[in-house]
Structure formats: structure tokens, C-alpha cells
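Asker: Protein chains in written order, with numbering that gives the first Met the number 0: chain A, 0 to 346; chain B, 0 to 346; chain C, 0 to 346; chain D, 0 to 346.
Quick caveat, the hints were computed from the structure, so don't treat them as lab data.
Heads up, some of the hints might be wrong.
What the hints assert, rightly or not - Only pairs whose alpha carbons sit at most 30 Å apart, straight line, appear in this in silico DSS-like list of lysine-lysine:
(1) C/K163 - C/K225
(2) B/K3 - A/K45
(3) B/K3 - B/K345
(4) C/K279 - C/K345
(5) D/K17 - C/K17
(6) B/K17 - B/K45
(7) C/K45 - D/K3
(8) A/K3 - A/K279
(9) B/K271 - B/K345
(10) D/K271 - D/K345
(11) C/K3 - D/K3
(12) C/K3 - A/K225
(13) D/K225 - B/K225
(14) D/K163 - B/K225
(15) A/K45 - A/K225
(16) A/K3 - B/K45
(17) A/K3 - B/K271
(18) B/K225 - A/K17
(19) D/K3 - D/K17
(20) D/K163 - D/K45
(21) D/K45 - C/K3
(22) D/K271 - C/K17
(23) B/K271 - B/K3
(24) B/K271 - B/K225
(25) B/K163 - D/K225
(26) C/K345 - A/K225
(27) A/K17 - B/K3
(28) A/K163 - C/K225
As the structure is a prediction and not an experimental result, all values here were calculated from the model.
Protein chains: 4
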Amino acid sequence: MSDKILFQCDYNEGAHPKIMERLLETNMEQTVGYGEDPYCARAAEKIRQACGREDLAVHFLVGGTQTNMTVIDAALRSHQGVLCAETGHINVHETGAVEACGHKVLGVPGTDGKITADRVEAAWLSHIHNDSFEHIVQPKMVYISNPTELGTIYSREELTALSKVCHRYGLYLFLDGARLGYGLTAPDNDLTLEDIARLCDVFYIGGTKVGALFGEAVVISHEELKRDFRYFIKQKGGMLAKGRLLGIQFDTLFTDDLYFEISRHAIRLAEKLRAAFERKGYPYLVENRTNQIFVILPDADLEALSEDFGYCYDHRVDESHSAVRFCTSWATREENVDALTNAIFKL
Amino acid sequence: MSDKILFQCDYNEGAHPKIMERLLETNMEQTVGYGEDPYCARAAEKIRQACGREDLAVHFLVGGTQTNMTVIDAALRSHQGVLCAETGHINVHETGAVEACGHKVLGVPGTDGKITADRVEAAWLSHIHNDSFEHIVQPKMVYISNPTELGTIYSREELTALSKVCHRYGLYLFLDGARLGYGLTAPDNDLTLEDIARLCDVFYIGGTKVGALFGEAVVISHEELKRDFRYFIKQKGGMLAKGRLLGIQFDTLFTDDLYFEISRHAIRLAEKLRAAFERKGYPYLVENRTNQIFVILPDADLEALSEDFGYCYDHRVDESHSAVRFCTSWATREENVDALTNAIFKL
Amino acid sequence: MSDKILFQCDYNEGAHPKIMERLLETNMEQTVGYGEDPYCARAAEKIRQACGREDLAVHFLVGGTQTNMTVIDAALRSHQGVLCAETGHINVHETGAVEACGHKVLGVPGTDGKITADRVEAAWLSHIHNDSFEHIVQPKMVYISNPTELGTIYSREELTALSKVCHRYGLYLFLDGARLGYGLTAPDNDLTLEDIARLCDVFYIGGTKVGALFGEAVVISHEELKRDFRYFIKQKGGMLAKGRLLGIQFDTLFTDDLYFEISRHAIRLAEKLRAAFERKGYPYLVENRTNQIFVILPDADLEALSEDFGYCYDHRVDESHSAVRFCTSWATREENVDALTNAIFKL
Amino acid sequence: MSDKILFQCDYNEGAHPKIMERLLETNMEQTVGYGEDPYCARAAEKIRQACGREDLAVHFLVGGTQTNMTVIDAALRSHQGVLCAETGHINVHETGAVEACGHKVLGVPGTDGKITADRVEAAWLSHIHNDSFEHIVQPKMVYISNPTELGTIYSREELTALSKVCHRYGLYLFLDGARLGYGLTAPDNDLTLEDIARLCDVFYIGGTKVGALFGEAVVISHEELKRDFRYFIKQKGGMLAKGRLLGIQFDTLFTDDLYFEISRHAIRLAEKLRAAFERKGYPYLVENRTNQIFVILPDADLEALSEDFGYCYDHRVDESHSAVRFCTSWATREENVDALTNAIFKL
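With the hints as constraints, model all of the structure from the sequences given.
Answerer: Here is the structure:
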């Protein structure tokens, strides 16, 4: 519909053709509702296999904000809060969904969207050693995203350190994987799905931005968080009547490595695009190797690109420069990337 | 997938083939997200036309519980509650979603799932004349569903009376139309979409149970309720990233009268099924002419039917009888209804 | 200040003179705040002794609604609700304080303000055996009051049965003792403080209505409910800066049996008043032997009494009769009761 | 009770003797409950006079956290938040009471505990100009305290600027006056109660820290905030049964200028103490002229003082220095200040 080529986000198109095909094939089948159908069961089983563990609870929700608030509210008592980087999605971009469930988001300074084990430890110790700690929200969960909102990723060492500090102090570690595929297939990534399932208490595998029409697969390893989780999905409005739509999508994504294959496609095209920006000498706002490119451009060049290309404006850097975001995705067409790189070279 | 023929609810299948076709056709188009795409705009415009008014705000959400809690929380301040029949969906079947937003559901006795203007007036007067009214939740909204959870419908006279009493006392009138198509096409219905848009302050047109994969179209006529509504959609997790999926579905449903045509199909088959039960002399739990049939059967007969057919068990009536629900929908196949009526005749 | 003699409630006066005396004596002493002073410690110790157990956590809050919402919110996760009689204070007279914390109050039919073990069991079984139980709020706590809002009391047998059924199904039993003194000193009571501490998981001893300026002492026996309770007191606004005011009051009330002595005074005067109503043949709305008398009077007689006496109007019974409440308290003067009984005799 | 002389806060003692006297005198009077008695009416009238306006709504609550959450929840819809300095009491010291009501506290950088009109304007503009503003909590109220948590005060010019920017953008301005007396009587203050009533939409006059046993008087000038306010007081647990206790206290405080007279006493002694610290050359953490002194001391000196004096430890400044707080209050005895200053001189 758009007359420009859009690079502004990773949810501009529908779903991967194989998903559409499966949805069509199964369309008139009859199944029970609310995620208790065989497709959800099969998808959950494939995800457990991909994570290398049989004891994981897997649930399917529709979208990211919904998933974040459901997981967090299921985990916390009323006096507890969730630590997250100040730039974290739940802190700045979900209209206070977590607070609307009654919990404070406890922002801590991050570096390129990431928080360190040291920061978490400091936050916990500062709470517990405060003379009037009962006057302060008790940290009980750590929320991270991987990739982060700035496209950066955690190394295995960093995630291991976070996991250790969380478990030392009784904090749940929750990883928002809305773009998980684009993190796990980045050239500089050393994490696996198994690592994440082992190191986190709960995380989710994003479908909306990685090939699905919609859908996020929540994976829970901590026993306490498994208890009664379906009540929370229903209460927060996330229990899809035709739950099989989620099952069918994740079943397809986790068949024949599709989830990772289409993620790698996005990464390859992002690298191509990155090369073009680099050749022109544009500096990055943040360096990363995932599907989001945060680059600083002269306003005149931006305006020139705007004629044919959509991007996401982030913020003004100085009088004549702006930081913007270009995204690739599973759906990005190579010819479109070529058109953009050519346009960049002409600037 | 199921080896039985399912009549237990109206969300056992996917979507109407015309919707699937449109989703496929548009799948790789690029649009902006969050419901700000041209498909949503077009669907909203068609709904405004169907309601005969240009001043309506139309928003698309994913599911019913989500829609109810979003509308109600957007309408009420913290000390206010929503009146509803004791059997109302928000009171008994949404895991306390409204309470989780901080508002009390004020159950009032209903008749076959409906509440009357008199009941609403009595509730309001009893509140306001109470010496310690500030110790009691203030009623501010009336929630009804049409058809109700028991398949009954409001007449134009009843809805007009409710609307009058609500507006006399400053209460918002909210109609949950999860099955609206099946109400408006029932043989004994005298309400139109225009009536509903005129008499209610906010209502929604259900897609999930009437031909869509998912989706509910919220229609707001009251100015106060229009304000900032999108913030609430986002906060409650109902803002679909690929919002166009909702626009495309409702655009299709409101093209060439499809929504009503497929609703009439369900009603015709329900009438056929009803005739079979009546011929056998089974009494109704509740009488209605919509797509849900609440009938009381001897347990032995139920067991016989169970071999080949799925239905929804409601409750035990006496030692040897149970109340159950059979549903038809836009997707019900005539041959399946014939199979069921034959089985009924053989009982 | 009032020119009538007030019998409408049990909080028309200040505090017992011994309490005022202690507050004066200690007024300019310096102590730390927030309930961590020696007076609170001493009062808690005396309450533990009165309950016959050393392992009880005791906390002091300011008022009843605050205490109810704090205890309930500390006990429940978001998807859980609290069972209570439909007439229960939290269900009808606290402006939705519990719902404002996100929890549904699950009203069950009571008898004279009380709920039975059978009702609780039925509610639990009906929840757990429901096919779609996750769509329904999970009962997790039972709230009762003793005396109830209608002045009735639980027998040891009834409370034992409730306690058993609660513990069988993992429900917390919470007893609101806003008027506990008037229940434990009623002529037909067979419960002791020890019984209550043993049978309930948490309860409170009301001070506001029994001799104190204000204050409720929460007593917790269940280990899970003890955890982090002070955070909840603070979050709900119940942590009094000069917490010692609560400690001093309860220390005084639990010295030399004062709490029970002044309760017995109220009961004796209530019995005297009851005798007068009975002599005139007025029927009770509800029979009880505590400090609240619910009696049905001809409107003409009520009007006559209104000239000199305050009472609480409850509801119209028929065209010429009304149900009203007369209360005695620790502060009621015998001469005032005599004046009222004389006026009754003259009707 | 304490064996040290306490300077750690301004709520270590009971109430001003005149208040105790009035509570004793009126103790056995009968009045109606919940703040509808003549004492509350009289106190409200005196506060209106002190504010120079007849159209103000005045309500009495018990404590500060309770007051903050009640005012804020009464003012905001679910998608709205409250801007406040990052060091603001509601942001860091009330166990997430505002979030527990569903609202995000939007911390903005402050200077010595204060926020400027410019910061507020920037926050509003940044919200409204954001492309996806509906994904972000909408600022709707500005919370300030005067004096702030750091003892600093707003000048008339600063408060006027804040008021203007708030009203330009439709934000409510709320001033937490827990220590208002100590601000209005500071040597460098140029604000009056009339100014505050004119410039703010709602504020409160703190009693707990300025002469009362407990109690905060909320003063509302904005019509929208007046509506239904008593429902919120009740729902949040702040409606004292024996509400007259609050009326009597504020009636006394606002008779013969008592509130300001006792505030001046605290200020005079704080100045005396300040002089001692200055003579020793100790630097301030924050400079102010109210009743809280934030000073940086060598740890050895602190330890020496600790033997006889209580203070509030704030934080470690470097390896051998700490920031601490000393408070005076209406109750501080001159001889105790002399003892402390002598001890300081001896360091």
C-alpha cells in the first residue's frame, strides 16, 4: 500500500508464506479453543526440543506488551518491582502497562540498552541495606531484552553473570525476545536457545517481528512461575479464542529451522546495508550486528532518502544531524536493500 | 483435527474464506503498524456507514476480554463500577479482568441474561440515596451483551428504555457484541446497527465468533469515551503491531453485507437444530432464536450424542438430566447439522 | 456536640480514659517511628500472650478498610479472589477497596451475615471442577467477620469447620475482628482468642470500636502471610509515622484485661436495651447477643424516638415499618440507656 | 523512651500540648463519624480563611503516603502519570503506592529536590511530539513537595512559573506540604498560604510533622479534583472513623496562628544548629534554611556524636565522610539543641 519502501520497523508485512499456507490448509478444521488444541501442543513440544529441555512450560500469547505485563504480573507480589535498563521497552514504550498492573518499573542506568550483573547487584544491596527498606519497592525480577531496543546483544558471559547474580539474591531473570531470532543469528552472537532456557527463569521467543502474523512464545523454566500461568493469560486479555492460530504459526517456525533461517536472511541484508552506511562514513548511534541499524545522518541526506524510503526517526543529534533507525526483517527484499544502498551511495 | 463434529462453541474453525483470500493477497504489502494503515481506515469508514453516522470513533482490538477491560477501564475513575447481570461475561468468565484494572463489577439480578431499565434505576437510586454512599462503589456504566451469554436478545423497546435510564443518571451504556451478527439476524430481532449506535455510548461488533480469525471492532459515540482511547488499547496489550490484519478482516466482513449474510447462515442452521430438539420434546434451559441452543437432555441421551458430537456442558439439572449448549456459526456445515439432527431423532 | 444521645454506631466518642492518660503521659517522649518503638513491641507481646502463642506476627494499622485491603492484597496473587458473605463489609461498604487492589470479592450467600464451611467447599469445588476454571477468578482466601455486620457470631464448631475446609483446599482464613471484643464477651459466645489464633491464618483485633481512638491489631499465624508484611502496610498508606500511638493504645487495652472488661460493659447495656425492645414486642431483623441490635419498628415509633436519640436507619421493611440499628459500646453511659429504655416503654 | 536525644526526624514525639488538651476535653463528646462532624467543618473553615478563599474543598486524611496516593489516583485516568523530581517522595519512599494504584511516576531530573517549569515543559513537549505518544504514559500531573525531601523550598517566582506551565498544558499542580509550616516560616521564604492555594490545584498542609499526632489537610481548588473526592478517601483507607480527631487537631493548629508559631520554633533551633556546623566548617550536602540539615561529617566525628544523639544516616560520601540529616521540629527542646551544639564544638 505504501508508495515508499519501508525500513522503519520489522512488522511492515504479513507472515512468512509457509505460515500463510499452513493457516489456509487448516482453516476449516475444527479444534477446541484457548490454546488447548493439538497444534499448540506440537509447537510447544518443538520449542522444548529446540531448548533442549523437557520440563519447560510453553504458552503462546498475541503480542509483546501483553506478554511483558502478563509475565511480570504473574511473577510479582504487589510490593515488588522489576529492574530494567532505563531505556527498556517496559519502562518507556508500553504506556505504563506494568504500572497499570500495580508494579513499579525500577529503571537502572544501562549501557547501549544493556544492564550488567554489577548494576543488578548494586540495586539489590542498596535496597536490602537501606534502613527503611520497607518504604521502598522490593526488586524481585530483572527484565532484559535480547536484542535490546538498541539492537545490542548479551554475550554468554554477560548473561551468565546476570543469571548468577539474580539467583544469588532470589530475583527472577526475564528475557524479552521480541527479536530473539535476529539476536541469535547475529555474527557476533555466542548464545544459544539452550543457554537462554538454562540461564533465564522465563523468556519469550518473538514471532510478530520474526515471520509470524503475530504471536510470542513464552518459555518458563522456574517452577514458581509455571503455577497458574493460564489464569494470568486470560485475565490480561491474551488468551486467543482460536489459540491454534498461534500453535500453527510456531509449529511452522520451528519446523526445519525456519525461524533461524529467516532470521539469518534479515541479518545478511542488515550487514549489506551497514556496509553502505560505513562506506559513506556515517557514524553509528549504537553499534550492533542485528537487524536494527542506528545511524547518524546529515539532515539533508535524510531528506533525500525520505523521498523513496521509510525509516524511523529517533532523535535530533545536533543542528544538522539526526539519529535514525533502519530495520531489515525476514520479509525484506534484497532488491529493496539494493535500491537503498544505491541511494546511499548517491548521497 | 477433532474426530468428533464440534458444536460446542462458535470459534472452532478459522476464518471465512474471503478473509483468508484477502489476507493472502495483501500478505507481502508494506504498511505502517498499530492500526494506522489504510485498511483499518477503510474498515472503520464502512462500519461508520453501516451505523449511519459519521461521528463515530472505530477501533480494532484482538479479543473480547481485552476489549471489555479496555473499554471499561477507559470509562471509569477508580471509585466507579460497572453494573451488569450476575451472569454477565465480565462478572463470571474473564478471570477478574475488570477487577484487575481496579473496578468492581456490580452484579444485579437478570432475567435470562438480560437486565432491565428498572433494575438499573433501582441500583442507581439505592446508591445515591444511601446515607453512606461514599462507602459504596459508584455505578457509572451499564454493561450488557447482545446476544447475552444465554443467547437472548434485547428488543428495541428494552434497549431504548435502558438507554434512557442510563442517560438520565449519567451512566454510560456499553454493549458487548461478541456475537452481534447472530443477534441482529435472529428471527425475533427488531434492532438495527443504527439503533445500537444511537442508543449505546460504546459497543463492539464481534469478529472472532462471526467469521474472522480474531478481532472486535469498538464503536464509540460518546465524546468523553473517545478521548485518548488509543492509549488504553496500548496499555492493555490490545494494540496489534500488524494492525492491518484487523482492518483487512473487518473491511471484508463489511463488504457486500458479508457479516450479516454469514450470520444468517448460522441462524438458519440453529433453527433447524432447534426443530429437532423440539420434535423430541426436550425442554430449553433458556429460549432464544440466536446461534446458541441451551437445552436440557437426559444424561443417557447426552452420552449417546457424545460419541460423535461435541457440545458444551453447562450444569447438572437433576439426577438424570443436564443442561448443555449447542452452537452453530458462520462455519457450520449443513451436513453436520443433518448428522446431528439424525442422531437426535434416533435417541 | 450532638444534641441527641447517639446510639447509631460504636465510634461516636474518643478513647477510653486510661488510653488518653497514657497518651498524655508519654506525649513528649522521643521514640523511633513507623511502629518500631518499644510500645509497639510490648503491645505485640501482650497480644501474643493473650493468644497463647509466641510465633504470631503482630502489626498495628489505623483503620478497618485499610487493614482489610492490606491483608487481602498481601495474601493474593492477581488472579485470586476472596470469598465472603454477600453482606460482607469488604463486598458492600468499602468503596471497592479490594477491587482497587486488583482482586475480585467473590460474594457467596450467607445466613445472618455468616458463611458456612459447606458454602466454602461448594464454591471451591465448583471452581476447580469447571472445565474453563482458568477463565474464572481462583478463590484463595475466605473473609469472615466476627461479629458479622449483622452482629451475629461464629461458634467454635462453625469456625473449626470453616478452618478445616479452608486448610483442606489451601485457602487462607481471615477473620475481621473490628468488633471482636463484643463478640468474645457475648453471652452465647464459646470462642476464645486462642481458638481464633489457632483456627485462622490471620485476623485482627479491632481497637477503633472497642476503646481506642483508632487502631487495629493484625495477628498473623500463617508463615507465608508474615513475609514482607510491613511493605504492604507502607504501600497501602497504613504505616503511621508515630506508630507508638498504636502501641500505647493496644498496650493499655491488653493490660489488666481492659479490652474485655470494656467490651462486657457494652454487652451488658445492649442486653438491657434488648430487654426493652422485647418487652414491647418489636421483632428483630436478626437475632444476636452482641452490641448491635437490629430491630424492626413502626415508623411512628421511630419518629418519636428520633427526637432525642440517634440510631442507624437500615432499610424499609414494609409501608409502615423500618429496620434500624442501635449500638452500645465501651463508652455508652448507663443513664443514656435508661433514658432510651424509658422512651421505648412510653411508645 | 530513647536513651539518646533524637534529631533524626520530625515525628519522634506526640502532639503539641494544646492539641492533647483539646482531645482530652472533647474525648467523651458524641459526634457523627467519618469527618462529617462540626470540628472538621470548623477546621476546614479556618483553613479556607487562612488561604483567603471560600471556594476551597478541605479534607482531612491520616498520613502522607495515603494522602499522596489518594490525591494522585483521584486525579489521573489509567493512562496518565505524574511528573516528579527523581528524588521525590512518591518516587523513592512510598513502596510504590502510586504504582499500586496503577499510575507511573515519571521521574525527571531535579536540582536539590526541586523541578523547574522548563523541565516540566520539556517533558510535556517531548511526550506530545513523539510519533508514538500513545505508547508512552501521558503526563497529567506535576507533584512537588515544599519543602522538598532535601529541605529546599520554592520561591514565589519558581512556583508561579510551574503553575503557568502546568495550566498551559492542562497538567494539575500538586504540592505535598508534609512539612509546609517549616517551609513557610523559613528565613528565605517568600511564599504565603494564599499563594499556594492560588498557584496549585491541590496541596496539603502537613500535621504529622508539625504539631499533630497525625493528620494532613488536603486543600483542593480545581473543580474537577473536588468531585467525588470522599469516595477516594474511603477507598484508599484514609477515612478515619472518628474523623473529628483530625478536625480537632487542625482546628487547634489553625487557632491563634499556632501552626506557624510552632514552625518558627523549629526553624529558629535549626538555624542555631546550622551555625554550629558552619562554625566547624562542615560542608552541606544541600543548602537550605528549613528544619532539615543535610551535612557532611567525618565518620569519626559522626561516631562521637552517635553516643548521645540520634540522626538520620543518608549515604556515604567518600571513604571517610558521610552525609547525614539532623532535624528539628515543633517539639525540639532548646536544651537538647544546646547539648548537641556543645558536642559539635567539642569535635
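Asker: Taking the hints in turn, state whether each one holds.
Answerer: Results for each hint:
no., hint, result
1, C/K163 - C/K225, "holds, 21 Å"
2, B/K3 - A/K45, "holds, 26 Å"
3, B/K3 - B/K345, "holds, 18 Å"
4, C/K279 - C/K345, "holds, 10 Å"
5, D/K17 - C/K17, "holds, 19 Å"
6, B/K17 - B/K45, "holds, 17 Å"
7, C/K45 - D/K3, "holds, 26 Å"
8, A/K3 - A/K279, "holds, 23 Å"
9, B/K271 - B/K345, "holds, 16 Å"
10, D/K271 - D/K345, "holds, 16 Å"
11, C/K3 - D/K3, "violated, 49 Å"
12, C/K3 - A/K225, "violated, 60 Å"
13, D/K225 - B/K225, "holds, 24 Å"
14, D/K163 - B/K225, "holds, 28 Å"
15, A/K45 - A/K225, "holds, 18 Å"
16, A/K3 - B/K45, "holds, 26 Å"
17, A/K3 - B/K271, "violated, 52 Å"
18, B/K225 - A/K17, "violated, 39 Å"
19, D/K3 - D/K17, "holds, 26 Å"
20, D/K163 - D/K45, "holds, 28 Å"
21, D/K45 - C/K3, "holds, 26 Å"
22, D/K271 - C/K17, "violated, 39 Å"
23, B/K271 - B/K3, "holds, 20 Å"
24, B/K271 - B/K225, "violated, 42 Å"
25, B/K163 - D/K225, "holds, 28 Å"
26, C/K345 - A/K225, "violated, 69 Å"
27, A/K17 - B/K3, "holds, 28 Å"
28, A/K163 - C/K225, "holds, 28 Å"
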